[in-house]
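Protein chains: 2
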Amino acid sequence: MAVTLKEVAELAGVSRSAVSRTFTDGASVSDKTRRKVEKAAAKLGYSPNILARGLTTRRTKLIGLVSDNFHNPIFLEVFDQFTRKLQDCGLRPLLVNLSDETDPENSVRLLRQYSVDGVVVASSTLPPEFSKAFKDAGIPVVNSFGRYSATPDVHVVGIDNVECGRIAARELMKRGYKCLAFLGGPETATSTQDRYSGFSSELSAHPSIEVSYTFSGAYTFNAGRTEMQRLLENGAPAEAYFCADDVLSIGALSAVSDAGLKVPEDIGIIGLNDMEIAGWENINLTTIRQPIQQIINSSVELIVSMLDDPVRFPEARLFPCMVIERGTLRAP
Amino acid sequence: MAVTLKEVAELAGVSRSAVSRTFTDGASVSDKTRRKVEKAAAKLGYSPNILARGLTTRRTKLIGLVSDNFHNPIFLEVFDQFTRKLQDCGLRPLLVNLSDETDPENSVRLLRQYSVDGVVVASSTLPPEFSKAFKDAGIPVVNSFGRYSATPDVHVVGIDNVECGRIAARELMKRGYKCLAFLGGPETATSTQDRYSGFSSELSAHPSIEVSYTFSGAYTFNAGRTEMQRLLENGAPAEAYFCADDVLSIGALSAVSDAGLKVPEDIGIIGLNDMEIAGWENINLTTIRQPIQQIINSSVELIVSMLDDPVRFPEARLFPCMVIERGTLRAP
DNA sequence: GAACCTTATGCAAGCGGTTGCAAAATGAAC
DNA sequence: GTTCATTTTGCAACCGCTTGCATAAGGTTC
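So the protein sequences, as listed, match chains L and F. Sequential numbering of the first sequence, starting at 0, is according to numbering that gives the first Met the number 0. Sequential numbering of the second sequence, starting at 0, is according to numbering that gives the first Met the number 0.
For the record, the hints were derived by calculation from the structure and aren't laboratory data. Glycine included, every Cβ here is placed at the ideal spot set by N, Cα and C. Please note that the accuracy of each hint is not assured.
Claimed, not checked - Derived DSSO-like pairs: lysine-lysine, alpha-carbon spacing no greater than 30 Å straight-line:
#1 L:Lys134 to F:Lys131
#2 F:Lys134 to F:Lys84
#3 L:Lys134 to F:Lys60
#4 L:Lys60 to F:Lys134
#5 L:Lys5 to F:Lys35
#6 F:Lys5 to L:Lys131
#7 F:Lys35 to L:Lys84
#8 L:Lys5 to F:Lys131
#9 L:Lys35 to L:Lys5
#10 F:Lys177 to F:Lys261
#11 F:Lys131 to L:Lys42
#12 F:Lys261 to L:Lys261
#13 F:Lys38 to L:Lys131
#14 F:Lys131 to L:Lys84
#15 F:Lys5 to F:Lys42
#16 F:Lys84 to L:Lys131
#17 L:Lys38 to F:Lys131
#18 F:Lys5 to F:Lys35
#19 L:Lys38 to L:Lys5
#20 F:Lys42 to L:Lys134
#21 F:Lys60 to F:Lys42
#22 L:Lys60 to F:Lys5
#23 L:Lys60 to F:Lys131
#24 L:Lys60 to F:Lys35
#25 F:Lys177 to L:Lys60
#26 L:Lys42 to L:Lys31
#27 F:Lys5 to F:Lys38
#28 F:Lys134 to L:Lys84
#29 F:Lys60 to F:Lys84
As the list claims (entries may be wrong) - Output of the computed footprint for chain F on chain L, the stretches with three or more beta carbons under 8 Å from beta carbons of chain F:
#30 104–112
#31 279–291
Produce the entire structure from the sequences given, and follow the hints as far as they go.
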């Protein structure tokens with residue numbers, strides 16, 4: 000079915016090299032033969048087989064896009080942006096869903112079998128070691144939404160989760176809340192760990208503020224809701240909560256309103272991410288925006304630059320977050 | 000970096016064919032050489048390059064997953080399921096984001112360049128001709144969530160959108176609503192067209208019921224909200240609305256409650272999809288469930304079967320939908 | 001038009017595999 | 001120990017494309 004180089008060469012009356020060259024830019028072909036070849040190619044509907052080409056060039060233009068966050072609506076935005084940006088760069092995402100497995104071994108083997116040019120690990124929950132495995136296998140990798148380190152093993156682009164914790168703490172204090180609480184995701188998620196540590200360290204300088212900490216089992220609506228229900232049943236709740244994720248926040252909101260309490264009058268909530276849904280008028284969540292687009296653009300640019308320079312020294316690129324004020328915190 | 004067949008062969012002291020054969024099942028190798036080869040392979044960490052293999056076998060195990068629905072949260076569930084199911088079958092999804100372009104030409108060329116074994120077009124908005132283009136290019140294709148046809152050009156698996164329209168109409172009548180309305184997605188989306196036609200044809204048998212129709216620009220929250228706001232401003236609203244999508248419904252809900260009206264007391268709303276968010280307690284949308292998992296499993300099974308039998312006669316697989324009762328319709 | 005320098009072209013080998021075919025090894029039957 | 005049928009094995013060609021190298025074709029200059 001597919002038409003090959005050889006057929007084009009025959010039709011154009013030139014050698015196979017000639018047609019190969021007209022399809023590789025920077026190669027030396029005269030205008031005359033180029034025209035002949037292009038005409039023949041157009042007639043036959045030829046376009047080169049990238050995979051066969053990759054065999055010799057060692058470039059497949061394939062990028063492994065691996066993630067374990069297939070349940071957080073924000074990741075639809077993430078996939079949308081990643082695919083678009085990669086496509087703009089002439090690259091193709093090979094999607095890998097980690098679902099339950101978190102051992103890098105299989106993914107590494109798999110993506111090697113497909114000779115991907117690089118890998119982006121898009122996850123806020125996987126440990127840095129996961130991404131490291133690709134590097135060790137000689138595959139360029141960037142970890143997006145991953146944990147910041149001053150001395151990263153691999154490229155990391157994302158936000159400063161510790162700083163986000165601080166921002167949340169400051170924002171809540173600014174609004175005069177005296178009794179705060181942190182409602183995190185899974186304790187194993189690096190993002191929760193860091194947000195926790197920023198939040199608590201910022202507050203440690205303010206001993207007059209009362210604060211408590213709790214974690215939910217996952218970054219999901221139900222986890223947030225259940226945890227908030229539990230908190231409400233167990234006596235006096237805090238005045239305001241920093242929920243370390245928007246979905247979690249929305250779950251918490253729903254528990255609060257079911258308990259007959261009003262937001263922000265009785266309880267304040269601030270989330271993190273600013274996913275599209277947070278802006279829906281019937282949710283209207285005050286939250287800390289994570290600059291997804293910048294993170295993704297930067298990630299892709301980084302991976303692109305690694306294609307030419309695979310041993311590039313690992314760097315961390317962090318983008319600032321900002322509070323998006325909506326309706327779930329009282330006025331200062 | 001990558002270790003090749005040849006190196007394994009040398010280490011094991013056998014021919015290249017021998018090691019190739021131990022990695023192709025069904026090939027004839029003695030236990031003795033197989034063991035030698037496996038040992039050498041393990042030692043070197045060898046696994047075959049699927050792309051190089053594909054050159055001769057014409058099988059890459061790559062499946063193009065193309066979609067233009069990157070803004071509807073239900074599609075995160077769709078991508079999750081698709082990737083998992085494909086992975087279970089030993090296939091790899093090459094994701095294509097149609098974003099704005101809807102001309103199949105580019106996608107066809109692209110996916111051919113990557114020698115994908117098949118394509119699944121996951122979209123409720125693209126016309127059947129889109130998928131047809133792959134078939135014409137000789138690539139096995141199934142259109143998931145696409146438009147049903149009694150004589151389909153390509154395999155279609157999804158729901159009977161016309162029937163869904165009927166179900167909605169019946170459900171609303173059952174609950175005693177006398178003044179109904181249809182709030183669709185874009186008029187160009189095949190799913191909206193069909194839901195519309197089912198809804199209206201069911202009602203045509205009940206002339207006593209008043210009914211009106213309107214369409215929004217997209218399957219998005221804002222589109223639903225804006226459209227509903229417009230309706231509420233323009234005089235007396237209907238008693239109940241069939242919004243042809245959950246996101247649309249949630250947008251409509253938000254407009255209704257902003258207008259100071261209560262759901263379901265003042266206005267009833269029924270959606271379609273039953274995405275996860277519809278079940279969130281603070282949304283609590285009564286809706287028609289689309290059996291996503293079945294659709295996806297069936298789609299993948301179909302594409303798998305086409306790998307062995309590419310000219311398989313096109314069929315349509317439709318799965319029944321059911322009303323999921325929550326809180327946005329009054330009791331019968 | 002000869003001499004020289006570029007620029008184009010084709011050949012052939014190779015990328016990492018698979019596979020038809022013929023030869024070698026094994027096993028069964030006598 | 002033969003003979004013959006059945007596996008196993010290796011050779012070599014091929015999948016579709018690129019690329020180093022040697023040669024051919026064009027261009028300049030005098």
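Going through the hints against the structure:
{"no.": "1", "hint": "L:Lys134 to F:Lys131", "verdict": "41 Å, violated"}
{"no.": "2", "hint": "F:Lys134 to F:Lys84", "verdict": "22 Å, holds"}
{"no.": "3", "hint": "L:Lys134 to F:Lys60", "verdict": "25 Å, holds"}
{"no.": "4", "hint": "L:Lys60 to F:Lys134", "verdict": "25 Å, holds"}
{"no.": "5", "hint": "L:Lys5 to F:Lys35", "verdict": "39 Å, violated"}
{"no.": "6", "hint": "F:Lys5 to L:Lys131", "verdict": "28 Å, holds"}
{"no.": "7", "hint": "F:Lys35 to L:Lys84", "verdict": "46 Å, violated"}
{"no.": "8", "hint": "L:Lys5 to F:Lys131", "verdict": "28 Å, holds"}
{"no.": "9", "hint": "L:Lys35 to L:Lys5", "verdict": "14 Å, holds"}
{"no.": "10", "hint": "F:Lys177 to F:Lys261", "verdict": "18 Å, holds"}
{"no.": "11", "hint": "F:Lys131 to L:Lys42", "verdict": "22 Å, holds"}
{"no.": "12", "hint": "F:Lys261 to L:Lys261", "verdict": "18 Å, holds"}
{"no.": "13", "hint": "F:Lys38 to L:Lys131", "verdict": "27 Å, holds"}
{"no.": "14", "hint": "F:Lys131 to L:Lys84", "verdict": "27 Å, holds"}
{"no.": "15", "hint": "F:Lys5 to F:Lys42", "verdict": "14 Å, holds"}
{"no.": "16", "hint": "F:Lys84 to L:Lys131", "verdict": "27 Å, holds"}
{"no.": "17", "hint": "L:Lys38 to F:Lys131", "verdict": "27 Å, holds"}
{"no.": "18", "hint": "F:Lys5 to F:Lys35", "verdict": "14 Å, holds"}
{"no.": "19", "hint": "L:Lys38 to L:Lys5", "verdict": "15 Å, holds"}
{"no.": "20", "hint": "F:Lys42 to L:Lys134", "verdict": "20 Å, holds"}
{"no.": "21", "hint": "F:Lys60 to F:Lys42", "verdict": "26 Å, holds"}
{"no.": "22", "hint": "L:Lys60 to F:Lys5", "verdict": "25 Å, holds"}
{"no.": "23", "hint": "L:Lys60 to F:Lys131", "verdict": "27 Å, holds"}
{"no.": "24", "hint": "L:Lys60 to F:Lys35", "verdict": "35 Å, violated"}
{"no.": "25", "hint": "F:Lys177 to L:Lys60", "verdict": "58 Å, violated"}
{"no.": "26", "hint": "L:Lys42 to L:Lys31", "verdict": "17 Å, holds"}
{"no.": "27", "hint": "F:Lys5 to F:Lys38", "verdict": "15 Å, holds"}
{"no.": "28", "hint": "F:Lys134 to L:Lys84", "verdict": "28 Å, holds"}
{"no.": "29", "hint": "F:Lys60 to F:Lys84", "verdict": "13 Å, holds"}
{"no.": "30", "hint": "104–112", "verdict": "holds (count 4)"}
{"no.": "31", "hint": "279–291", "verdict": "holds (count 4)"}
The structure fails hints 1, 5, 7, 24, 25 (numbered hints given earlier, in ascending order).
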